[in-house]
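Student: Chain by chain, the residues:
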Amino acid sequence: MTPLAGYLLLSAMLFSIGLAGALTRRNAIIVLIGIELMLNAANLNFIAFWRFSEHPEAITGIMFVIFSIGVAAAEAAVGLALIIAIYRHYKTTNVDEMNSLKG
Amino acid sequence: MSLPFAIIAMLTIAAAVAAMSLRNLVHCALALTVAFAGLAAAFLQLDAQFVGFAQILVYVGAVAILIVFAVLLTRGGEAPEKTVFSASWFWGLLVAVTVFGALAWAITNSFASQLAPAEKVDATVKQIGDALMTKFVLPLEVIGLLLTAALIGAVIIAMREESSKTKIEDGRSKIDKTVPPSSILHPPSSGGQQ
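Protein sequence lines correspond, in order, to chains A and B.
Residues 1 to 103 in this note's numbering are what the first sequence lists, from first letter to last.
Residues 104 to 297 in this note's numbering are what the second sequence lists, from first letter to last.
Simulated from the structure, these hints should not be mistaken for lab results.
Beta carbons: idealized from backbone N, C-alpha and C, even for Gly.
Some clues are possibly wrong.
[Claimed, not checked] Simulated restraints, written as ranges between beta carbons of each label pair: (1) THR60/A with ARG126/B: 27 to 33 Å; (2) GLU54/A with ASN127/B: 43 to 49 Å; (3) ASP233/B with MET98/A: 44 to 50 Å; (4) ASN127/B with ALA58/A: 43 to 49 Å; (5) MET1/A with THR237/B: 48 to 54 Å; (6) SER100/A with THR227/B: 51 to 57 Å.
Model the full structure from these sequences, guided by the hints.
Tutor: Written out as structure tokens, the structure is:
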């Protein structure tokens, strides 16, 4: 079986890719996609540590990931609704141009 | 490192890089779907079947569709003629590379990389359901409340401002401005006389 370090490195790589996308792209939807990638990398870490733990019969790692997926789904729904509302107001999804909270 | 893991890791990372760097937003959403599917395969390889299938249902099924809808509603499907990267892209990339370097250094030097996996784990759906209904029943209720609040909040945020009022007024004006019945019975053109 693949050692734990392999999964952790994959997770770190995905997290960095998501972070790079969230910090460098101009479109707000891509920024949200980057945040989703980072959340998924954290989920992979939870599952990997659960699988390699000493007591996997206590399924806390799986429970944490299930709740994390639920929170991430709520975040995606609210985030995309915000992007649509902002697009309606500013007619753009460019994060460089969204520089004021009060329209 | 086993061959299936290598394939899954390469596919997932390639899809993630594509999702973050392609110009067309619809292509980005499709690449993101592939990355989510690769992560689900990694979960399955780690003997977490329920989470793997939940990942497919929630992310490949729901979140990807949501993102495609957001792309289409904001007319982001057309690739921009200018650059797709923000003004401060260099610092963002530097931060990301630094974070990966720090994480990779920590992983390779930690004792956790020498851990051996448990011999056999079976996290069946029955066990997960039992735990959700006994030990984790309060978090389950809280996440239900959170999802309900997020659903209502998303609808309210995305709703057009004063949409109900304008809708009623639109309907009234439509009724008022419809063609008067006399012109339907006697159209101005001569074609009605046949």
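Student: All the hints need checking, so say for each whether the structure fits it.
Tutor: Against the structure, the hints:
Taking 27 to 33 Å as the suggested C-beta distance range, the pair THR60/A and ARG126/B does not conform, at roughly 42 Å. At about 47 Å, the beta-carbon gap between GLU54/A and ASN127/B stays in the expected band of 43 to 49 Å. Checked against the hint of 44 to 50 Å, the C-beta distance between ASP233/B and MET98/A comes to roughly 47 Å, which is consistent with it. A hinted range of 43 to 49 Å holds for the C-beta pair ASN127/B and ALA58/A, which are about 45 Å apart.
Taking 48 to 54 Å as the suggested C-beta distance range, the pair MET1/A and THR237/B does not conform, at roughly 31 Å. Taken as a hint, the range 51 to 57 Å holds for the pair SER100/A and THR227/B, whose Cβ atoms sit roughly 52 Å apart.
When each numbered hint is compared with the structure, violations occur for hints 1 and 5.
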